[in-house]
Structure formats: C-alpha cells, structure tokens
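A.B. asks: Just so you know, the sequences run in chain order H and B.
Residues in the first sequence are numbered from 2 upward in steps of one, following the working numbering.
Residues in the second sequence are numbered from 2 upward in steps of one, following the working numbering.
These are calculated hints, taken from the structure and not from any lab test.
Mixed in with the good hints there might be a few duds.
To be verified - In silico negatives: residues of chain B with every beta carbon more than 10 Å from chain H:
hint, residue
1, Leu7
2, Ala18
3, Leu125
4, Met299
As the list claims (entries may be wrong) - Pulled a few chain B residues facing chain H out of the computed Cβ check, cut under 7 Å:
hint, residue
5, Arg274
6, Arg282
7, Leu321
Unchecked claim - Only some residues are given here: those of chain B computed to face chain H with a beta carbon under 10 Å:
hint, residue
8, Ala12
9, Ala38
10, Asp266
11, Phe277
12, Leu286
13, Gln318
Heads up, the beta-carbon is just placed ideally off N, CA and C, and yes, glycines get one too.
There are 2 protein chains.
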Amino acid sequence: MDLDVLAERLAAGDRRALARAITLVESSRADHRGQTAELLARLGTLGRQALRIGLSGTPGVGKSTFIEAFGLQLTGLGLRVAVLAVDPSSARSGGSILGDKTRMELLSRDPNAYIRPSPSQTHLGGVARRTRESVSLCEAAGFDVVLVETVGVGQSETVVAEMTDLFILLLAPAGGDELQGVKRGIMEMADIILVNKADGDLKPVATRTAADYAGALRLLRKRPQDPEGFPKVLTVSAVEGDGIGKAWHEMTALAEWRRAHSHWDGRRAAQARRWFEDEVRQALLARLTDDPALRARMETAGQRVAHGDLSPAAAAQDILSHLTT
Amino acid sequence: MDLDVLAERLAAGDRRALARAITLVESSRADHRGQTAELLARLGTLGRQALRIGLSGTPGVGKSTFIEAFGLQLTGLGLRVAVLAVDPSSARSGGSILGDKTRMELLSRDPNAYIRPSPSQTHLGGVARRTRESVSLCEAAGFDVVLVETVGVGQSETVVAEMTDLFILLLAPAGGDELQGVKRGIMEMADIILVNKADGDLKPVATRTAADYAGALRLLRKRPQDPEGFPKVLTVSAVEGDGIGKAWHEMTALAEWRRAHSHWDGRRAAQARRWFEDEVRQALLARLTDDPALRARMETAGQRVAHGDLSPAAAAQDILSHLTT
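Based on the sequences and whatever the hints tell you, model everything.
C.D. replies: Have a look at this one:
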C-alpha cells in the first residue's frame, strides 16, 4: 500500500490502515523512518485532536479492569477510544500482545475501541517515541480519546505525562503508612487520583485512602494549570462500575477549563518541541548501534579499554574522529 | 605549559600541575578534549591505582565534618588524600569553590590533601565525565585515596558508585519511620553505612539507627563482591573523631578481600568500558549544541514544530539529514 492510500484510509478511520501505520511507526528501518515522517506530516494537516489521557497504575491495582470499564463507558457515549501502552519491560516479559487483548476482552471486541500493546523495545526512549507517534496516528484516525497506560516503574510515568493532556494515577486502597510508597514527583504530576476497589469490604479503606491522598495533595503547591479543587481524588470501583462516570465528568471539566484558560495549546506546543529534540538525540545515538562497522569498532575499542590498553577518553576520541568523516 | 612538562610534573606529585590538568579536563573546548585524551593516555601507562571511595550524604548529615576528620586521619597515617565532588547543582547554587575550602578548613591546608570542588556543569553526565577523568589524574599524581563525595540527589549516587571501588553511605540518626527515606536502590549500592553524630544526646539514637539499618541490609540478597559481614553498618562521630579509625579499617579490609578474590580488576574494567561508551554518547550529543550553525537550525526547527508548521518526526529527519553530510 502506498503512503497516499494509507493516509487516506487511515483518515477515514480504517482500523487496518491504522494498525499498518503503527507497525510502520514501530519499525526502526531508516526507510521506514522516512515514510513515517512523511505520513505524519500529511496527516498532521487534518488538525484533528483527541483528548490524550495518561494513566499509571502498578500491577494489582486493577488497571485492566478499570480501562475496560472506562473504555466501554466512553464507547457507550458514542466516543471512539484508543488504548496504547508504554511498557519498556514488555520486551522481556513477552507475550504482551495476547495479554492486552485478553485482559480487556469486551473492550477489544468493541468496534469503537482500538487496543494496541506496547511496542517491543528494550529502552524507554524507543518506546516513548513510537507511542507518541502512534498517538498522533490515532488522532488522525478520528479517535476522540487516546488513553496511554503505563505500569508505574521508574521514568515511565514522566514519559506518559509528557505525551498526554491529563495524567491520571490509579491507586489501590492502602494503610496510612503505604501512602509514602507513591513518590512525591509522581504525585506532583497527577491531575486526578482514582482510588480503585471502592467496593465490598475495601470500600471504607478506599474512602479513607482517598481522604489521605487528598490531604497529601493539599500540601503540594498550587499549579497554574489547575482550576479550584484540582488535582482531585475520587474513589472508583472498576469491578462494579461505580464512580467511572463521575471520573469522566471531572476529566472533561478539567480539559475544558484548560482549553478555555490557554493551558492547552501551550502544553501541546512544548510537548511537540521536546519530542523533536528527543527524536534527534535518539536517532543520533542509534547510529552507534545501527551501523555494523561502527558497532564492531565500538566493540573492539571497548575490549581494549577493559584490558587497560587504551584510556576511555582516547578510545572515545578515536571513535568520534571516524564519525565526522 | 606543554603536555610533556605537564605530565611529568603531575606524575611527580606537583599540585599546581594537577590543578592545571583538572582545569584542562573540565574544559569543553574540542582541542582541550584532544589534549585531555593524550594526557590521560600518557599518565595511564604509570599504572598507579588509588583506593577510590565514593561517599554520599544528604545535607545536614555532617558530611564536610566527616570528610575533614576522615581526611586528617588518613594524612596522619602518611597517606595522600584527594577529595573530589559530584554535584550537578553546584552550577546553580554557585560559590562551591569557596564553600568546599572553607567547610574543610584544616584539611584544605594539609599538604598531603587536595580538595577540588565539583565542576560547574548543569547536567550530571558532564559532571560525571569530568570527575572520572579527574580521579585518574589524582591517581597518576600519586594519591593513595581518592574520595568522591556527592550530596544524595537523584542519580548522583549511582554515578559516584560507578566510578569508585567502595561506596559509603553517611546517614544521620533517625526514628524508625525515617528509615524508609533511604531508597532501596541506594541501600543496595552501599558497601558500608556510617551513622554519624553518635555523640552526646544522639548517641543512643545513632546506635539504634545503626541496628535498624543492619536489619534492613540483612533483608537484601547477598552480593558476590562481599565477604561475610558486609555490607556493614557502623556508628561514627565526626565531631569527636570516634569510630573513624574503625571505619577506615573496615574499608581497607573490604578492599583487600576484593582484590584477593578477583572482584577488583573486573569491576574497574567494566567501569572503564562504560566510561568509554558514555563518553562517545555524550560527545555525540554535544555536537548538537556546540556547533552554532546546527544550534540555530535546531532552534528554527523547534519553533516551527511548536507552532505546528512541522511535525516533530519531519523536523528531526531534516536535522539528521544535515548531520550525515
């Protein structure tokens, strides 16, 4: 399929064209990178925007159940929803493709939903780049909401927050001591905190946990991008579907306020600029590993350095002098 | 001074030559990078090794007082001690040059000690590279112990642990709850934990804190590079000088065990290799900001991306195409 046809079908909302385009985006082949840039440039002129929602939740917090309930609620409102994932560990654990589809069984069969697992990459930078571009493709394909989920490990929350308009933290009910488990930096990124499992025996604990987090949030300094009352903490029950509608209401209210108070376009512009700079850096570093001759030279020099035959600085100078020619 | 003279004087232990060489190492000028590589290559053939000790401690823990007491103890034993710092924040706070010398007043006047503040760099990668090379210079100048200190913020402990043979964590007496303040990853890097301020009213608390940390360490899995009983927790009083001799004894015992059980050369070789790879990556990325024409092109493209005239991927492709020619 040539790029014209691909772009046209994707813009018409064709799911197979979207899947194909994302596969192109995930490729690291140089010619594919060029085609990706061209495809994104063409689709960018459509000017379509989705609400980009970042969602972080550690394993066991009920993230898949929440996404399924949340996604079905949105498609029930007539909205089209795409779910992407940022999970640099998926390359190691393997099998996330099957995993993502089976853990959200109803949503994956919904014609108004599109679920794409995390690209297989061993480093976060690569996953981040490809996911960002996939978000753009989903927007061009006319999705109303693009949900980017991540398991809360290391830097992945920051990466997701930097490619989304809203950042949601999904937490489990917990004793007061465990509050400390959420790093301050992550708390500061959250726009809305959802305490899941507010059902059955855990309901009172969930309510108390929500109050504790609300107290902790009040200690953080006020951010310009927040209206009164945000960041907000709510309880939800993904299993029973409780509180999901209210959560969606709060997300749209926050998004609308930010659009109306010019905290939207500026953020997107800053994000786009950072992606560009990041892309240049990543691509530059990729040259060190993509070129077989250079990779071999790095290996040889690395061994000489390890044996003490060559200083790290001298070895680096040698490699770099070959890179200028 | 030409490189031959500089290398010769430095190898003879001349402090002014050392200071001059470190200034060369800290320069980012391309010709200085070349001279640095040549200087390090010449000095590397001397094969001199110091005991490289990494020391991390947050502000308020008494780090300067400890380094002064520890350093004076070592010079009292006839050893020559260099103190370097890794502190990426020093560029912002400013004035660390005066600061370092005044906060370790006696040690800074000791002819067998050499104190060098953290190079002024805004990013940790730059500080790391320059500090590593300064460590090599201090070794070539015949120092017996090179102490690399850092204030425990973010990634700086990892950076210091990767350029040293032993990693020491200096902590303050604390209530049981505060133990959690030390991240697990940092605990796992520590070879020896020193609980400072074991004097006066705080002595019982320090003793209890040490027992708590010892308990926490026993929960971590055994590392191959440790003999029985390590990692170890000790109490010290930098103000009164208590426990400093014992701490030094444990450091040398650990270092000797590692040398005898081949956990020394392998670590140094792996470190050297990582430095080399790191140096290549850093230098490659530096080209983006060092070249004025390229910097201007990045700026223009960045603005177009922010305005939405160009996609991040297309802008990156454009920059990268200029980099190949």
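A.B. asks: Now tell me if each hint is right for this structure.
C.D. replies: Results for each hint:
With a least CB separation of 15 Å from chain H, leucine 7 of chain B remains clear of the 10 Å interface cut-off, as annotated. Under the 10 Å C-beta cut-off, the non-interface status given to alanine 18 of chain B relative to chain H holds; the minimum distance is some 18 Å. Distance to chain H confirms leucine 125 of chain B as a non-interface residue, since its nearest Cβ pair spans about 14 Å, more than 10 Å. With a least CB separation of 7 Å from chain H, methionine 299 of chain B falls inside the 10 Å interface cut-off, contrary to its annotation.
A distance limit of 7 Å between C-beta atoms decides the matter here; for arginine 274 of chain B the minimum to chain H is near 5 Å, and the interface restraint holds. Interface hint at arginine 282 of chain B: satisfied, since its Cβ lies 6 Å from the closest Cβ of chain H, which is below the 7 Å cut-off. Taken as an interface hint, leucine 321 of chain B checks out: its beta carbon lies about 5 Å from the nearest beta carbon of chain H, inside 7 Å. For alanine 12 of chain B, the interface hint is violated, the least distance from its beta-carbon to any beta-carbon of chain H being 15 Å, above 10 Å.
At a threshold of 10 Å, the smallest CB-CB gap from alanine 38 of chain B to chain H is about 4 Å, leaving the interface hint in force. Hint status for aspartate 266 of chain B relative to chain H: holds, with the closest Cβ pair at about 9 Å, below 10 Å. Checking phenylalanine 277 of chain B against chain H: minimum C-beta separation of about 4 Å stays under 10 Å; hint holds. The restraint placing leucine 286 of chain B at the interface with chain H holds, with a minimum CB-CB distance near 6 Å, inside the 10 Å limit.
Restraint check, glutamine 318 of chain B versus chain H: the minimum CB separation of about 4 Å is within 10 Å; hint holds.
Of the numbered hints stated above, those contradicted by the structure are hints 4, 8, listed in ascending order.
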